[in-house]
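J.: These are the residues of each chain, in order.
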Amino acid sequence: MEEISPLSFRDPAGTVFVKGNRIFRQLTEEGITTWDALKTSPFFKTYVEKGWVIPTWDTSQQTKPTLEHERIPFFSYPYEWPFVYLKEAALLCLEMLLDLLSQGFILKDATPFNFQFKSGKPILIDVLSIEKKASGDPWAGYHQFCEGFLNPLLLASYKRIPHQEWLRGSPSGISSRHLSSLMNGLTVLKKGIFTHVKMKAYFEERFGGVANLTRDDIQAAQFPTLGIIKNIQKLQSLIKGLTYRPARKSTWENYEDASSYAADALNKKKHFVAEMLSQWKGALAWDVGCNEGSYSILASKYFGQVVSMDRDDQIINNLVVKLRQAPLGNILPLVMDWANPTPGMGWANQELKSIFERQKPDVVLYLAFLHHMAVQSNVPLSLQIDLLSKTTSNLIIEFIDPTDAMFKQLMRNQKKDLSGYNAKAFENLLQKNFKIVKQEPLNSTRTIYAAVKNTNE
Amino acid sequence: MFLKCGIFFSILISPSFALAYVDPNAGSMILQLILAGVGGLLILVKIFWKKITETVQSLFKWKK
Numbered sequence: 001m002e003e004i005s006p007l008s009f010r011d012p013a014g015t016v017f018v019k020g021n022r023i024f025r026q027l028t029e030e031g032i033t034t035w036d037a038l039k040t041s042p043f044f045k046t047y048v049e050k051g052w053v054i055p056t057w058d059t060s061q062q063t064k065p066t067l068e069h070e071r072i073p074f075f076s077y078p079y080e081w082p083f084v085y086l087k088e089a090a091l092l093c094l095e096m097l098l099d100l101l102s103q104g105f106i107l108k109d110a111t112p113f114n115f116q117f118k119s120g121k122p123i124l125i126d127v128l129s130i131e132k133k134a135s136g137d138p139w140a141g142y143h144q145f146c147e148g149f150l151n152p153l154l155l156a157s158y159k160r161i162p163h164q165e166w167l168r169g170s171p172s173g174i175s176s177r178h179l180s181s182l183m184n185g186l187t188v189l190k191k192g193i194f195t196h197v198k199m200k201a202y203f204e205e206r207f208g209g210v211a212n213l214t215r216d217d218i219q220a221a222q223f224p225t226l227g228i229i230k231n232i233q234k235l236q237s238l239i240k241g242l243t244y245r246p247a248r249k250s251t252w253e254n255y256e257d258a259s260s261y262a263a264d265a266l267n268k269k270k271h272f273v274a275e276m277l278s279q280w281k282g283a284l285a286w287d288v289g290c291n292e293g294s295y296s297i298l299a300s301k302y303f304g305q306v307v308s309m310d311r312d313d314q315i316i317n318n319l320v321v322k323l324r325q326a327p328l329g330n331i332l333p334l335v336m337d338w339a340n341p342t343p344g345m346g347w348a349n350q351e352l353k354s355i356f357e358r359q360k361p362d363v364v365l366y367l368a369f370l371h372h373m374a375v376q377s378n379v380p381l382s383l384q385i386d387l388l389s390k391t392t393s394n395l396i397i398e399f400i401d402p403t404d405a406m407f408k409q410l411m412r413n414q415k416k417d418l419s420g421y422n423a424k425a426f427e428n429l430l431q432k433n434f435k436i437v438k439q440e441p442l443n444s445t446r447t448i449y450a451a452v453k454n455t456n457e
Numbered sequence: 001m002f003l004k005c006g007i008f009f010s011i012l013i014s015p016s017f018a019l020a021y022v023d024p025n026a027g028s029m030i031l032q033l034i035l036a037g038v039g040g041l042l043i044l045v046k047i048f049w050k051k052i053t054e055t056v057q058s059l060f061k062w063k064k
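Residue numbers (the working numbering), protein chains in the order written: chain A, 1 to 457; chain B, 1 to 64.
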């Protein structure tokens, strides 16, 4: 069974398709020329070894020139990445460009969608975006780089606005014109704003008429490669200096430390989760509402890949820092609001996949999260369990009673009827779709459950 | 920076081109030339000089 990847239809060099668990790219004439230049180049093998480019090999049959790519454990998008990830992908793009230019090659595109994260590091997946540089050609990807990488990073670093929501609203990037109208006053003096935002926005507007100046005009006049290198080096220096600056102290930061678990209850919870995960060992686990990621770290011992999701970008950035210290490469922290998770987007809403259309998790951790969804997002228990049953077969879920101290804190400004919110009702709902295989009270207000989806579902 | 500002303001007062279908890449390419330093500026002058001479030549032909 072959499934054409909707991400590849724009690429004139080849079409990506999925066959079972394997990823192939069928090449066009243009793709064959590019691949021939790449495979004989001195750098391609080194890039693969350094982890810059996805391992790729030729599986061509006589009539169909085809490449196979190593599969990425879990696909993610720039509007889900924390600031650090977007910055690291941008820096890899620039570093690779500088190296390629020194060898007469260039990246024809500079979009963050050409990168994925593998073992906590960015990697170029669109190998055919590396091509021989035509003499005198400018860097055609500069505009794309600014909108997809630079502007979201400037927005987050200079204006303390998390880039994810804006980039999700406009996946091709944040336009310089829009960003320019935000960067006023003293912000204009900050590094990169005058040149790459203000001037760029103005030039786009003033010289945007198609008849004025074309890439061919510039190529005919021989754009100096040294000029491209100079621009890239300045962008490198600018991006290296950008730091993540959250808008405020996160409400959820140190939440785990502040939470009302006694040491005994916490140990019971960790032991329960570890025991079930060791039984359910598998390829992919999701930790929904992961907070500081303690249980993601636990799951990483038993699962090939763990995806940690939290809507708070600050929490996710903190988790990245924590994972780098460990180091734990098989945890992918993503900014994701479970009450409004990533939908399908792009052409026909198929080009960029929704979170539920990607690889299905073998297990979902849903710990101390039900009541947050119920109180803060007004999602009834029945809907939460229904969604979980469509997402996974194995579930570890914690129920917290409204009499719990932390629950009461959540409710302090809420007037909600919680008459249906109790352990008995929760268990009944859970058992409609799942079989409870184990349960354990952690203290008088908290109970943890391991559940397996009913086979007749 | 001084050079860049000078060029930016001299372009500010230059005549605007007609905006039919907007292609932001065209503006980005001019900016790249400016950011490329002296080499890029010479290319920019070369391109615009060619455009100006072509325009003058076409006007001259039309008048004949």
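Careful: at least some of the hints might be erroneous.
To be verified - Beta-carbon label-pair distances, calculated as ranges:
{"#": "1", "chain 1": "A", "residue 1": "Q219", "chain 2": "B", "residue 2": "I52", "range": "43 to 53 Å"}
{"#": "2", "chain 1": "A", "residue 1": "K159", "chain 2": "B", "residue 2": "G37", "range": "52 to 62 Å"}
{"#": "3", "chain 1": "A", "residue 1": "G169", "chain 2": "B", "residue 2": "G37", "range": "28 to 38 Å"}
{"#": "4", "chain 1": "A", "residue 1": "Q61", "chain 2": "B", "residue 2": "K46", "range": "44 to 54 Å"}
{"#": "5", "chain 1": "B", "residue 1": "K46", "chain 2": "A", "residue 2": "Q233", "range": "18 to 28 Å"}
{"#": "6", "chain 1": "A", "residue 1": "K64", "chain 2": "B", "residue 2": "I52", "range": "33 to 43 Å"}
{"#": "7", "chain 1": "A", "residue 1": "K234", "chain 2": "B", "residue 2": "V45", "range": "42 to 52 Å"}
{"#": "8", "chain 1": "B", "residue 1": "S58", "chain 2": "A", "residue 2": "R358", "range": "32 to 42 Å"}
{"#": "9", "chain 1": "B", "residue 1": "L42", "chain 2": "A", "residue 2": "A348", "range": "26 to 36 Å"}
{"#": "10", "chain 1": "B", "residue 1": "G37", "chain 2": "A", "residue 2": "R245", "range": "51 to 61 Å"}
{"#": "11", "chain 1": "A", "residue 1": "S354", "chain 2": "B", "residue 2": "L42", "range": "49 to 59 Å"}
To be verified - If you only want the chain B side, here are some residues facing chain A, beta carbon under 10 Å, derived:
{"#": "12", "residue": "M29"}
{"#": "13", "residue": "L35"}
{"#": "14", "residue": "G37"}
{"#": "15", "residue": "F48"}
{"#": "16", "residue": "K51"}
The hints are simulated quantities; they were obtained by calculation from the structure and are not laboratory data. Being a predicted model, the structure only gives us computed values, none of them experimental. Glycine included, every Cβ here is placed at the ideal spot set by N, Cα and C.
J.: Next step is simple, just say for each hint if it's right about the structure.
T.: We went through each hint and held it up to the structure:
1. A:Q219 to B:I52: 43 to 53 Å: violated (20 Å)
2. A:K159 to B:G37: 52 to 62 Å: Violated: the Cβ-Cβ distance is about 30 Å, outside 52 to 62 Å.
3. A:G169 to B:G37: 28 to 38 Å: Check passed, 36 Å falls within 28 to 38 Å.
4. A:Q61 to B:K46: 44 to 54 Å: holds (49 Å)
5. B:K46 to A:Q233: 18 to 28 Å: Once the Cβ atoms are compared, 24 Å apart, the range 18 to 28 Å for Q233 of chain A and K46 of chain B holds.
6. A:K64 to B:I52: 33 to 43 Å: violated (51 Å)
7. A:K234 to B:V45: 42 to 52 Å: violated (22 Å)
8. B:S58 to A:R358: 32 to 42 Å: About 56 Å separates the Cβ atoms of S58 of chain B and R358 of chain A, which means 32 to 42 Å is violated.
9. B:L42 to A:A348: 26 to 36 Å: Violated, since L42 of chain B and A348 of chain A (Cβ atoms, about 47 Å apart) do not stay within the stated range.
10. B:G37 to A:R245: 51 to 61 Å: violated (31 Å)
11. A:S354 to B:L42: 49 to 59 Å: For L42 of chain B against S354 of chain A, whose Cβ atoms are near 50 Å apart, the range 49 to 59 Å holds.
12. M29: holds (5 Å)
13. L35: holds (5 Å)
14. G37: holds (6 Å)
15. F48: holds (8 Å)
16. K51: holds (8 Å)
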